[in-house]
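Those protein sequences? They're chains A and B, same order as listed. Using the numbering used here, the first residue of the first sequence is number 2, and each one after it goes up by one. Using the numbering used here, the first residue of the second sequence is number 6, and each one after it goes up by one.
Please note that the accuracy of each hint is not assured.
Claimed, not checked - Straight line, CA to CA, 27 Å or less: simulated DSS-like cross-link-like pairs of lysine-lysine: (1) K240(A) / K246(B); (2) K60(B) / K81(A); (3) K224(B) / K60(B); (4) K93(B) / K224(B); (5) K570(A) / K423(A); (6) K97(B) / K246(B).
Please keep in mind that the hints were generated in silico from the structure rather than gathered at the bench.
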Amino acid sequence: MTDPEATSTPWRRACLVADAFALAPAGCGVIVRGGPGPVRDAWLTRLRAALPPAAPFRRIPASIADDRLIGGLDIPATLKAQRPVAEKGLIAETDGGVLVIAMAERLPSGIAARIASALDAESVTIERDGLTLTTPASVGFVALDEGADDDEVPPAILIERSAYFVDLDPIAIREATTDPSDAVDCSAARARFAALREEPEAVAALVAAAAGLGIASLRAPLFALRAARAIAAIEGAGKIEDRHIALAAALALAHRATRLPAEGDDAAEEPPEPPPEDEPETDESKGPNDEPRQLEDVVLDAIVSAIPADLLARLKAGASARAKAATRGKAGDRLISTRRGRPVGTRPGLPREGRIALVATLRAAAPWQPLRRREHGGEPARVHVLPDDLRIVMHQERRGATTIFVVDASGSSAFHRLAEVKGAIELLLADCYVRRDSVALIAFRGKDAEIVLPATRSTAMARRRLAGLPGGGGTPLARGLDAAAALAVQVRRTGQTPFVVLMTDGQANVARDGQGGRAKALEDALDAGRRLFAAGVSSLAIDTSAPSRQRDSATTVSIADAMGADYLKLPVADSARVNEAVRRSAQRLRG
Amino acid sequence: MRQPYPFSAIVGQEDMKTAFLIAAVDPSVGGILAFGDRGTGKSTAVRALAALLPKIRAVDGCPYNCNPSSPAGLCQACHGRSGDKEPKSVLKAAPVVDLPLGATEDRVVGALNLERALAHGEKSFQTGLLAQANRGFLYIDEVNLLEDHLVDLLLDVAASGVNVVEREGLSVRHPAQFVLIGSGNPEEGELRPQLLDRFGLAIDVKTPLDVPTRIEVVKRRDSYERDPDAFLAHWSAAERKLSNRIVAARKALAEVVTPDSAIESATRLCLALGSDGLRGELTLIRAARALASLEKKPEIGVAQLRRVAPMALSHRLRRNPLDETGSTARVERAADEVFGG
Chain A
2 MTDPEATSTP WRRACLVADA FALAPAGCGV IVRGGPGPVR DAWLTRLRAA LPPAAPFRRI
62 PASIADDRLI GGLDIPATLK AQRPVAEKGL IAETDGGVLV IAMAERLPSG IAARIASALD
122 AESVTIERDG LTLTTPASVG FVALDEGADD DEVPPAILIE RSAYFVDLDP IAIREATTDP
182 SDAVDCSAAR ARFAALREEP EAVAALVAAA AGLGIASLRA PLFALRAARA IAAIEGAGKI
242 EDRHIALAAA LALAHRATRL PAEGDDAAEE PPEPPPEDEP ETDESKGPND EPRQLEDVVL
302 DAIVSAIPAD LLARLKAGAS ARAKAATRGK AGDRLISTRR GRPVGTRPGL PREGRIALVA
362 TLRAAAPWQP LRRREHGGEP ARVHVLPDDL RIVMHQERRG ATTIFVVDAS GSSAFHRLAE
422 VKGAIELLLA DCYVRRDSVA LIAFRGKDAE IVLPATRSTA MARRRLAGLP GGGGTPLARG
482 LDAAAALAVQ VRRTGQTPFV VLMTDGQANV ARDGQGGRAK ALEDALDAGR RLFAAGVSSL
542 AIDTSAPSRQ RDSATTVSIA DAMGADYLKL PVADSARVNE AVRRSAQRLR G
Chain B
6 MRQPYPFSAI VGQEDMKTAF LIAAVDPSVG GILAFGDRGT GKSTAVRALA ALLPKIRAVD
66 GCPYNCNPSS PAGLCQACHG RSGDKEPKSV LKAAPVVDLP LGATEDRVVG ALNLERALAH
126 GEKSFQTGLL AQANRGFLYI DEVNLLEDHL VDLLLDVAAS GVNVVEREGL SVRHPAQFVL
186 IGSGNPEEGE LRPQLLDRFG LAIDVKTPLD VPTRIEVVKR RDSYERDPDA FLAHWSAAER
246 KLSNRIVAAR KALAEVVTPD SAIESATRLC LALGSDGLRG ELTLIRAARA LASLEKKPEI
306 GVAQLRRVAP MALSHRLRRN PLDETGSTAR VERAADEVFG G
């Protein structure tokens, strides 16, 4: 089996990943992107075949409960045996094998963290229900990512521990189901894998490549090293060659890239700010100078050609990589509550704090029954439940976001740019609609601010109200911000996360009390801005002053500072950029 | 279960290593919060610390590791039993207890012993993790993912040093003095500010950015994973040396002089930073003293205060909305002013 053949098509690449991962799955994983279907089934079959026949291969549903995941008390067995009997969790049952995580993009971070700690420790430790138990669990994972867009990605903690990334979307069903792709003798490869030694150049090249791609984590080069060894073992080579390293980098590093390397054959398309390429080879202990550098080039070329096309486009656009989007948090805060939302397990508590979880309560009470019967007497058929046993259901609310537009409709603003502002808001509304966010609209002009549209999901209504928005009069900026703060607090009370977008030219000339005067008006506006910030409301200030008026911008900047807001000057005159800025700010919502 | 990675083999991360050594020398600095990037060896360092800690002398068979020579902090059983002669004692490893995610409250604080209840129908107390951690360390990975009611409970016990159990008809008090170590990643969620302040030292763990260091990290980690025994053997001498240094520093700790000028500088620094309460000063002095002892210095000097100021104070600052500078930089700037450039 030669190199080019092994990676000639996306399917063959995917197969190589399956084989390489199967050689040493413990402690790492594969993210498999793509919906359910024959291709994914074929890939999983391939992986299963490459693993040792005895290795467990277990599926974890995204909604798994703790006692099934990490283990707990086996109540029926405990009652029968009259002593605590532990029940193994799925992770421990998979010892020596691979966990398959279905719908990984919806996996709660708590479950991901439990899996991650088992990966790191190669064991599962539980301290639950009166049991203390550590069971060996040397496992790897496959995260099936069915996320439809960039907002839906597997938890960052699993991405961090994923050695490989496979995109099944471009693979034709016919190829995956008909091409048997040369099967590898996995047991022989496994023996070779154990015998292979790492090469110092391989370490240096992979670390440098990871640094060049802006990959901060040190797990990445370690996994890439493991991949290089696995690829060499599959090929039957006696030692790790340069081409193995290059291929390993392409398979194990490319998907984590957060920026493009400074070198590479597409030098013409370099990003505007090439990252400083480190000069690692000055250290004399790292061997001769020339050879590793060349290897580094080979590795970088291999990676650049392997970076997924959409990732490449995003990197060039300066946006963050896919993996990073996951860390930003979603548009709405998540909130554990005892009243509303999706049930996420139980906790001890009294029914007045929430809804009682009947099964969990009975489970908690069950082991104590013989003792309590002896102590309190009573009929054997009756179950003794004490307050300590009571369990209540916990819920997780996914809070939605409400974007509050605060629009300066004063004379100074209106004449120049009200139309432009309206255009920008229209675009934002479309985006809010896509994200199912609510919107509210506050306009300030003359002497006061007015809630033109209370929080609503109807973007169509917002658009109508916006079109009919009159302009002219003074600029009571402080009143506008006060109204925004009040509305934000009200929005938060309903369980939503508010986000304020202020659009103004900063020319406040009406104070809180409705009197004119620039100095007092600005002072009030700054104060109102600080209050908004103190209320913990994230915001974005869009400066709509004319490009020629530098001084106006300075006041808007100071107001944005007071609000702790991101600042954007509109005369970029590009509604798409405004939209992008709002989206970025909204994603940074305190989540 | 494999042997933990040796502490001395951790490349870089000087702040984190220093903070852990300080806590090993003087547990009274309070807990340590290690927040930062993924894959930087936070958990590795804690698990490695266990191997370094000097053994402790404890009452034989006592589930709380009671110290036979200090009658003040004894548990109910040891207290009742002591009489006039010292109870039989054994040397054992200082506990470093891991609190796994998904732990239930009954295992943390202790609860009715299930086995005894089922088999004999009798009521007895089964100790929890807090009892095990007495006179040692309690480690929580992903502290920001731990349920709120457990975090509150842990901080409360850590601050008081006593665990009070009132549940299932049991009423137990036992000593629970431990150094709480929490680690986590800020991207998973911030800690509440009132919790931040309860930790004595806070360190911001960052990925090393220079390539030679990164290469060294990867090389060592890789050779550890391939042959743990050989790797541990190679580092055993360094580990023994470090362990001896901790023992020596503990002995010398009481003799380290705390000059008034040091206290004054610490106070001035805290005032300049506007940190609330006196916890800042206390921690600063204690940490500096432990560091001086580790460095075999006779008294606390400016160098030690400077070194520990960011970890002792950065998490106690109020956020200033108009100042975007990181809190570590703010502490360093203030230290420059107070200690004069």
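For this session: Take the C-alpha atoms of K93(B) and K224(B), compute the straight-line distance between them, and say whether it is at most 27 Å.
Result: The hint is violated at about 47 Å.
For this session: Take a quick look at whether K570(A) and K423(A) sit within 27 Å of each other, Cα to Cα.
Result: Satisfied, since the Cα-Cα distance of roughly 15 Å is no more than 27 Å.
For this session: Please work out if K60(B) and K81(A) have their alpha carbons no farther apart than 27 Å.
Result: violated (42 Å)
Exercise. Hey, K224(B) versus K60(B), does the alpha-carbon distance stay inside 27 Å?
Worked result: Since the Cα atoms of K224(B) and K60(B) sit roughly 31 Å apart, the hinted pair is violated (cutoff 27 Å).
Exercise. Given the proposed pairing of K97(B) with K246(B), does the C-alpha separation stay at or below 27 Å?
Worked result: Distance ~20 Å between K97(B) and K246(B) Cα, so the pair holds.
Exercise. Can the restraint linking K240(A) and K246(B) be considered satisfied, given a maximum Cα separation of 27 Å?
Worked result: violated (37 Å)
Consistency with the previously given hints fails for numbers 1, 2, 3, 4, ordered from lowest to highest.
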